[in-house]
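Can you make the complete structure from the sequences, with help from the hints?
Heads up: the sequence lines are chains A and B, in that order. Going by this note's numbering, the first residue of the first sequence is number 1, and it counts up by one from there. Going by this note's numbering, the first residue of the second sequence is number 282, and it counts up by one from there.
Quick caveat, the hints were computed from the structure, so don't treat them as lab data. We put the CB at the ideal spot given by N, CA and C, even for glycine. Take the hints with a grain of salt, since some may be wrong.
[Claimed, not checked] With the Cβ distance kept under 10 Å, some of the chain B side facing chain A (calculated, not the full set): (1) Y284; (2) G286; (3) Y287; (4) K294; (5) E298; (6) L425; (7) E429; (8) A482; (9) V487; (10) L489; (11) V490; (12) G491; (13) T493; (14) R494; (15) F496.
[Stated by the list, open to error] Partner residues are not named here, just some residues of chain B that face chain A (Cβ under 7 Å, in silico): (16) E483; (17) I486; (18) G492.
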Amino acid sequence: MGAAFSDEQGAPMIRFHNVTKHYGRTGMALEKVDLAFQQGEFAFITGRSGAGKTTLLKLLYAAEHPTHGDVLLEGRSVARLHPSSVPWLRRNMGIVVQDFRLLPRRSIFENVALPLEVCGVKRGELRPRVRQALARVGLEGMGKRRPGELSGGEQQRVAIARAIVNRPSILLADEPTGNLDHYLSSDIMDLLVGICRDQGATVLVATHDQDQVKRHDFREVHLRGGRIEFDRRSQHGPSGNVTALKQPGDEATHSSPPGTEAGDERDEPQGQRESPSEAQA
Amino acid sequence: MSYIGYSLRRALKGMAEYRFLAGATISAVATVLLLIGTFAMTLSNLSGVLDRWGKDVQISCYLIDDIEDTAIFDLKVELQSMGEVQSVKYVSKLEALEQFGRSIDGMDRILADLDENPLPASLEVRLAPNYQKPRQVADIARRLERPEFVALDYSHEWVERYHTFLSLSRLSAMVLGTLLLVSAVFLIANTIRLAIYARRAELAIVALVGGTRWFARLPFLFEGALQGLAGAIASLGLLHLLYRYAFLQLQEGLGMLMGPDELAFLPGHILASLLLAGIGIGLLGAWSSVVRDPSTSP
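Here it is in structure tokens:
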């Protein structure tokens, strides 16, 4: 329904147009994927390991290129972007990954400041922006510490602070709670939802943590074997736009006991779902 | 400017983090430049010795036996009028005999037994300062040739041999120096390659947050240049020690041969060249590594 959806909502922020990605001759990561995401939308990309979630995000920040089809960001092709333009694409994105990717020898402040230094932001302007980002993730006053001195949840907060310090319009999170327990995972997910709501950023979260998906009533694109198995819209609005929803940290719409096996394929998806053929239309 | 400041800070921090690696490279560059500097200092002093010996070069024009005094006077005036000539001195047959007698112990007694003085009279031509190089001396000697002279002697053989020796030494030093410089470039390239490898994860993060390839490369280029510069400065310090404690000691031993002038340290332009060479090989080594490494090409 991507095309129909974009017609209703205006031009989508992100569009996957008939995207196929092969690794080598036989490794099929994605097949004929059609998807569209609006500005300010929050969506989960779910599926088992190897379903193509990470590839989907990598295509967006040009770490991979589609074998067929095109990925459009604000109407411009990411796939056809010249390699020298890729850094400029990424400066408008925040990227969070499972293993945090922090620089262990640098302080928390320096880690969060890196995207600003990359953009050549002057030190006078850099300090307040880093402090603001650290405050946003609840780590004010911890700038002088090293990543090794923090817990896993705090390290992921640092990674999120680094991802939002540039005030990106898109935030991509690849298994951001993969290394965290249920309670920390909920904190991190609430933080991402809050960022989507406060900054109006488009947030795509690849996860196999069904507990977190059930806690929030957002759009869920479920992948299986590189194909879209279903694309379930939020019950709160056609776009799953967070601004239409309640505050993060409120009682989750779908509750699920902690410890539900991650990556479980559900026989009967909950909420409003589309058939694969609809999702790819 | 903030890129440059950032890169410089990262380069210094990188060297501090991997100080053993940086120390090894700086020592290697210092050794190479010390060797080249020693060659340069030796050759520049040997060249100085040649210049000093050149000042003593004079051309002896031996006169035919039955020449009249007026003809000698005319010749002397003619030679003195030449621009290349500083002074002309007449040495009579008798003076020549006396000088020869004094030159070797006991020779005067042998000469006294001779019935006839076999030595010719001569005009000793001293050349102007700008015309004392071996090749110029040979040219001028050809132009001095006159029917009144039986022979011209300017001790050209040893001067030319010395000059050839010096030219060959310069060539060998240049070949050896080039090989040493190339090996230093490889050394720096390998150090930077190891530094890039050690910071692979960091470079991946830089690429993830939108760092350009220049943002990733610049710290490594600075690191190479700084290591080269540090090596060059160390080599100049060691060269100065070598000059004070070896060259000057050597001069005391070879005082007679070297003449009264003190052996000189390297001239300013050579010192500057060594510093630039250090920075140059550092940059070249670093560049060859960063352009080949995919992690610095996000």
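Outcome of the hint check:
no., hint, result
1, Y284, "holds (6 Å)"
2, G286, "holds (8 Å)"
3, Y287, "holds (5 Å)"
4, K294, "holds (8 Å)"
5, E298, "holds (6 Å)"
6, L425, "violated (71 Å)"
7, E429, "violated (82 Å)"
8, A482, "holds (8 Å)"
9, V487, "holds (7 Å)"
10, L489, "holds (5 Å)"
11, V490, "holds (4 Å)"
12, G491, "holds (4 Å)"
13, T493, "holds (5 Å)"
14, R494, "holds (8 Å)"
15, F496, "holds (6 Å)"
16, E483, "holds (6 Å)"
17, I486, "holds (5 Å)"
18, G492, "holds (4 Å)"
Hints 6 and 7 from the list above are not met by this structure, while the remaining hints are.
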